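Trainee: Fit chain R to the supplied structure of chain C, relying on the hints for placement.
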Amino acid sequence: MKRALQLNEKDNVATVIETVKRGELVEILWNGICVNKIIVNDEIKKYFKVALIPISKDEVVIKYGEVIGRVNMDRHIGDIIHVDEVRSIKV
Amino acid sequence: MKELLGYRRPDGKFGIRNLVLVMSTVGCANETVNRIVSEVEGAVAIPNQKGCGQVGDSMEILRRTMAGFAANPNVYGTILVGLGCETNKPSVIADRIKEITNKPLEVLTIQEVGGTIKTIKEGIKRAKAMVADMNLVSLSKGSLSEITLATNCGGSDATSGLSPNPALGVCSDMLIHHGGTVIIGETTELFGAEHILANRANTPETAQRILELVQSLERTFMDMGLSVRGANPTPGNMAGGLSTLEEKSLGGISKLGSTVINEVVKYGEIPTKKGSIIMDTPGYDIESVSAMVAGGAQLCVFTTGRGSPIGNAIIPMIKITGNEDTALNMQDNIDIDLSGILRGEMTIYEGGNYIYDRVISTCEGELSKAEIHGFKEISIYRNNEVWCCNLQ
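Residue numbers (our numbering), protein chains in the order written: chain C, 1 to 91; chain R, 92 to 483.
Do not rely on the hints blindly, as some may be mistaken.
Covered by chain C, per the in silico footprint, the following chain R stretches (three or more residues, Cβ under 8 Å) [to be verified]:
| hint | region |
| --- | --- |
| 1 | 119–129 |
| 2 | 265–276 |
Some residues of chain C that are not near chain R, with every Cβ distance over 10 Å (derived) [to be verified]:
| hint | residue |
| --- | --- |
| 3 | G23 |
| 4 | N36 |
| 5 | E85 |
| 6 | S88 |
Calculated directly from the structure, the hints in this document are not laboratory data. It should be emphasised that the depicted structure is a prediction, and the values quoted were computed from it without experimental measurement. Backbone N, C-alpha and C fix where the C-beta goes; we use that ideal spot for every residue, glycine too.
Bound conformation, chain C alone:
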């Protein structure tokens, strides 16, 4: 099964470590342990991010346990989160 890395327990996104296709089941690894399995809703390229929980429009995206931006639209579990979906707060 393909895998995604969660870097911090607070994170609401994980980084897929190989490209996954829409509908594929992905194992979420945190500290080497599978903590979750989710079905992805989009094709997500290697090292791109996937939502681990539903994130409503304007809510924050968390990676490394810190805020990396706000989503521009509602995101569901398994949705891709990249430049079209998240905006910086610090720019």
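Mentor: For chain R alone, kept in the frame of chain C given last:
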């Protein structure tokens, strides 16, 4: 606690390598320095890119950094070689060195000694005598609390923020837990994460200094019509999966781990505190690492995505990557392969432990790849260049 064996200096510092520096105060003396060092095993050349025609902050940065090189714990003693008429006067550098260390120091100027042949001959004589004294130093006990680790990244790619940087953060936390010191630099890479670093500061004053560090540089860029925030992440970063400035910066600062930030220091300045330290350095790797060497770091862990060959004249540099292609293609230059993290075979915590073990074995004498190659990069940042090129 883990005990180390190394070199106790007369100023009390603890070195993990034993070197005599032959340091040029001006570019005009570089070839003289190279010829002296070519005849003396155990001596290292520290060339100077300028040393004359430098003004304002640039001169102060040069002097502070050169004094810091001489005071670095890995250095037994220094022979300064100058021309004589340069604005970076050898006697002034010698005084700056004496302000911060009482280690052996000698000064030669080509114009006073009487040409390069006589200076080379005199330099060889004095450097050989200093190396002979250096080799009489017996090993002494030291501890991890005396170690300052420089951290830097270069040739970064999508893997950098996912595996080697956070793993180095685990190592940083472990070293600091044992009383040691870790320096992070590359000020432009802190943009977008300055508020997070400020929240980790030991005092409101340190927090303010972190914000000022980023804001003052940003003002300078904006005066030049440049936007660091707007330019990051770069198109290449985005193609690699990075979405926002904050995400990119968090990947970079993860090298520093999670402890309280105790001090912000200037380029090449020696910290007065232990633990996590931020130093104001540029993005150019060789100038950044050189500043941390002047700040007293005895070794560096350098994270890379694409691979980097650089070494340093004064300290070992341990290269780590999380990119499996780089680990294979650049195995001449990579000390630790952490690509197992992105294959799901190794945790970030395990990766951090590998780095920590290598930091200790390097302190005990294990050679890094860059040392085996004999790579001795060194470079001091210069600003205030105002001498020409205003003609449009």
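Trainee: So, for every hint listed, does it hold in this structure?
Mentor: We went through each hint and held it up to the structure:
1. 119–129: violated (count 0)
2. 265–276: violated (count 0)
3. G23: Nearest chain R Cβ is 21 Å from G23 (chain C), so the label holds.
4. N36: holds, 14 Å
5. E85: violated, 8 Å
6. S88: It is violated; S88 (chain C) is separated from chain R by about 4 Å at its closest Cβ, not greater than 10 Å.
Hint compliance for this structure: hints 1, 2, 5 and 6 are broken, all remaining hints hold.
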